[in-house]
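2 protein chains.
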Amino acid sequence: MRRVAVVGVGCTKVGELWDKSLKDLVVESATKALDDAGIDNIDVVYVGNALAQILQNQSNLGSLVADCLGFEGIPAISVEAADASGSLAFHEAYKAVKFGWADKVLVVGVEKMSDSSSEEVSKALMTFEDQDYVAFTGITQAGIHALLLKFYMEKFGVKHEDIAMFAVEAHKKASKNPYAQFRNLIKLEDIFRSPVVADPLRLLEHTTLADGSASLILCPLEEAKKLKLQPIEVLASSTATDRFFLHERADMLTFNSTVKAAEKAFKEAKISRDQIDVVETHDSSTILGVISLEDLGFVEKGKGANFVVEGNITIDGRLPTNTMGGLKGRGHPLGATGVYQLVEVVWQLRGEAGENQVKNVKVGLTHTVGGVGSFASVNILGCLG
Amino acid sequence: MRRVAVVGVGCTKVGELWDKSLKDLVVESATKALDDAGIDNIDVVYVGNALAQILQNQSNLGSLVADCLGFEGIPAISVEAADASGSLAFHEAYKAVKFGWADKVLVVGVEKMSDSSSEEVSKALMTFEDQDYVAFTGITQAGIHALLLKFYMEKFGVKHEDIAMFAVEAHKKASKNPYAQFRNLIKLEDIFRSPVVADPLRLLEHTTLADGSASLILCPLEEAKKLKLQPIEVLASSTATDRFFLHERADMLTFNSTVKAAEKAFKEAKISRDQIDVVETHDSSTILGVISLEDLGFVEKGKGANFVVEGNITIDGRLPTNTMGGLKGRGHPLGATGVYQLVEVVWQLRGEAGENQVKNVKVGLTHTVGGVGSFASVNILGCLG
Chain C
0 MRRVAVVGVG
10 CTKVGELWDK
20 SLKDLVVESA
30 TKALDDAGID
40 NIDVVYVGNA
50 LAQILQNQSN
60 LGSLVADCLG
70 FEGIPAISVE
80 AADASGSLAF
90 HEAYKAVKFG
100 WADKVLVVGV
110 EKMSDSSSEE
120 VSKALMTFED
130 QDYVAFTGIT
140 QAGIHALLLK
150 FYMEKFGVKH
160 EDIAMFAVEA
170 HKKASKNPYA
180 QFRNLIKLED
190 IFRSPVVADP
200 LRLLEHTTLA
210 DGSASLILCP
220 LEEAKKLKLQ
230 PIEVLASSTA
240 TDRFFLHERA
250 DMLTFNSTVK
260 AAEKAFKEAK
270 ISRDQIDVVE
280 THDSSTILGV
290 ISLEDLGFVE
300 KGKGANFVVE
310 GNITIDGRLP
320 TNTMGGLKGR
330 GHPLGATGVY
340 QLVEVVWQLR
350 GEAGENQVKN
360 VKVGLTHTVG
370 GVGSFASVNI
380 LGCLG
Chain A
0 MRRVAVVGVG
10 CTKVGELWDK
20 SLKDLVVESA
30 TKALDDAGID
40 NIDVVYVGNA
50 LAQILQNQSN
60 LGSLVADCLG
70 FEGIPAISVE
80 AADASGSLAF
90 HEAYKAVKFG
100 WADKVLVVGV
110 EKMSDSSSEE
120 VSKALMTFED
130 QDYVAFTGIT
140 QAGIHALLLK
150 FYMEKFGVKH
160 EDIAMFAVEA
170 HKKASKNPYA
180 QFRNLIKLED
190 IFRSPVVADP
200 LRLLEHTTLA
210 DGSASLILCP
220 LEEAKKLKLQ
230 PIEVLASSTA
240 TDRFFLHERA
250 DMLTFNSTVK
260 AAEKAFKEAK
270 ISRDQIDVVE
280 THDSSTILGV
290 ISLEDLGFVE
300 KGKGANFVVE
310 GNITIDGRLP
320 TNTMGGLKGR
330 GHPLGATGVY
340 QLVEVVWQLR
350 GEAGENQVKN
360 VKVGLTHTVG
370 GVGSFASVNI
380 LGCLG
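Just so you know, the sequences run in chain order C and A. Here the first sequence is numbered in numbering that gives the first Met the number 0, starting from 0 and rising by one per residue. Here the second sequence is numbered in numbering that gives the first Met the number 0, starting from 0 and rising by one per residue.
Just chain C, with the same shape it has in the complex (with noise of 0.2 Å):
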């Protein structure tokens, strides 16, 4: 086995991008993530997408990738987990790199949603979830997210408003990232202000259609240290699934997925979770955001808001989170989520994270979810020298 190293990063600005195909978007991460790493070639391409299949009519993503990258030839593996494609991707080309199949390995993540209607995501969405038992009753992914978060605030006696400030931290931070989606800031009462998509979620609780695309590349530490930049070690990637009905499981406010994946990695970085300097997790809505910091084991089950709210997650907080916006800021076009965390924690790592840097970022950590958690992932970045 081989020790791991990021080697190159590079992302689109995520948002409506109209004037920018499916093929542009990954040319242009793609081509930026090659220049950084100061390199060609590469022996694969894996890609990371969620909805081409419905929104863009177009399968088949590995080869069309490797081909507009003019990499045509070379082996390419298109996986898909919903909305953590894009870390299922980077996961399947760390172990590539990581057992000895391959040297040089891109990690190509992308989604183009805006130039479909806001109803055809939503049903797309919901291809995530189970079409016989759950997608049938006409729910969407936003009334799932607003149902866990009454029985969150049911069962811990927890408000609204402390869940919600998961949101005005987001976009804190996405304000001062060039790349990101929404770059205004919020407050509480503009949350509150804003209509119920699924009573009691708020529009401003949940992000939105958006385009992007991001790519890195790995290749052996060894081989890293020839490069010109400063390669970043991947010191876990762990992947696990749950039970993937929600009213299936023991307890639908602890997904079981990012628990699992979560313990592995820890184990396999042979990190405590003290030692993590940066976070990045899946606000996909402020909930989920909440419930991710408890699943990872950042915080006791219920008291995830209130430790947003004493101010943990700011960048000098005890544990900076989301650093460049998360989901909700930053944006979340989904296949390329995954990516789009992983580069910013590159970042972090390498001291490139602008107005948004986190002093002394040693271990940074990125968790995306699939669907309501039936899929999750865990990885953990390091430059421990």
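Accuracy of the hints is not assured; some may be wrong.
Which copy? The list can't say, so a pair holds if one copy fits it or any two copies do.
To be verified - Subject to a maximum C-alpha distance of 30 Å in a straight line, what follows is the list of computed DSSO-like cross-link-like pairs (lysine-lysine): (1) K224 to K97; (2) K227 to K300; (3) K175 to K31; (4) K266 to K12; (5) K97 to K266; (6) K225 to K186; (7) K149 to K19.
Quick caveat, the hints were computed from the structure, so don't treat them as lab data. As the structure is a prediction and not an experimental result, all values here were calculated from the model.
Use these hints to put chain A onto chain C, whose structure you have.
Chain A alone, transformed into the frame defined by chain C:
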């Protein structure tokens, strides 16, 4: 690196299975494979499926399949490479065992097409090709195959009747395969009495809608020897891509993805083409069957049809090909097809192929194509003792 073995296989009948859902198909084939191997737990599952997102509104198949089978919690990876999705799932699973990441791996290929109309499926099949430059013209997969057929006949001066013999042979073998979709014998006259689906391609030269699932279990060869059945070794597994756009290839009648994947596979297996006893190849239409045999290196370019006419691909011929009916006869449930091919080669190697058993099979090869050759996979299995 470890040697890898197939220790259990299973599949459903292929056909229009109105009373079975996508999940029913998965459970049936996976349960058979687990029973065949005599095991009841796995470390990870790889899922190959092409079009569930469009045809069943179902994404996130990795987690869904893990849960359906009672394996919730384990890592689950869903991959897609058009109609080679099952082969890609196998390839990724093979690497996981070979390089030591996992010990007991389940591979599931599944597709459910017949609940949708032919028009819906025709449109969905075109998601395998580029939307901006190919699909927008309105051409269908059968249309592309028809152009290749016409070009091939013209370039090599080959009679349509000779190429069409591929389908006659397919039905002959399928007639004796209890899992096959088409168990009727057809004659050349039947083909040329069937409608032209895209000039000059006839209805009986092309695959149609099919439902089905095939599964297999991989583990290290050393572990396999402790299980109840004769282990079948995976001697090689490789994939490659080609230019995504047919019109940008130097030679439209040669799929470089196949050529490259075959080269790599023969090198990895340290085996020559003479040693191959059975071949399962990608005859989604008669012309693709012919081109595939040539690209795999079994026969000179332009001579593939003649090779079939001379009787070489029959059960007792020089190179028994598509011994259980191939895509045309057994049926082509897209994402499941690659796994069906592997299951069938395992049957041949174990001597379990019934009336279609080839004598003294020591080595078998499978070949699957994604889209019109933008992706290809070649696997070599053997029981060399």
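Status of the hints after comparison with the structure:
no.	hint	result
1	K224 to K97	both (16 Å within a copy, 27 Å between copies)
2	K227 to K300	neither (43 Å within a copy, 46 Å between copies)
3	K175 to K31	within (21 Å within a copy, 55 Å between copies)
4	K266 to K12	neither (34 Å within a copy, 44 Å between copies)
5	K97 to K266	both (16 Å within a copy, 23 Å between copies)
6	K225 to K186	neither (47 Å within a copy, 64 Å between copies)
7	K149 to K19	neither (38 Å within a copy, 37 Å between copies)
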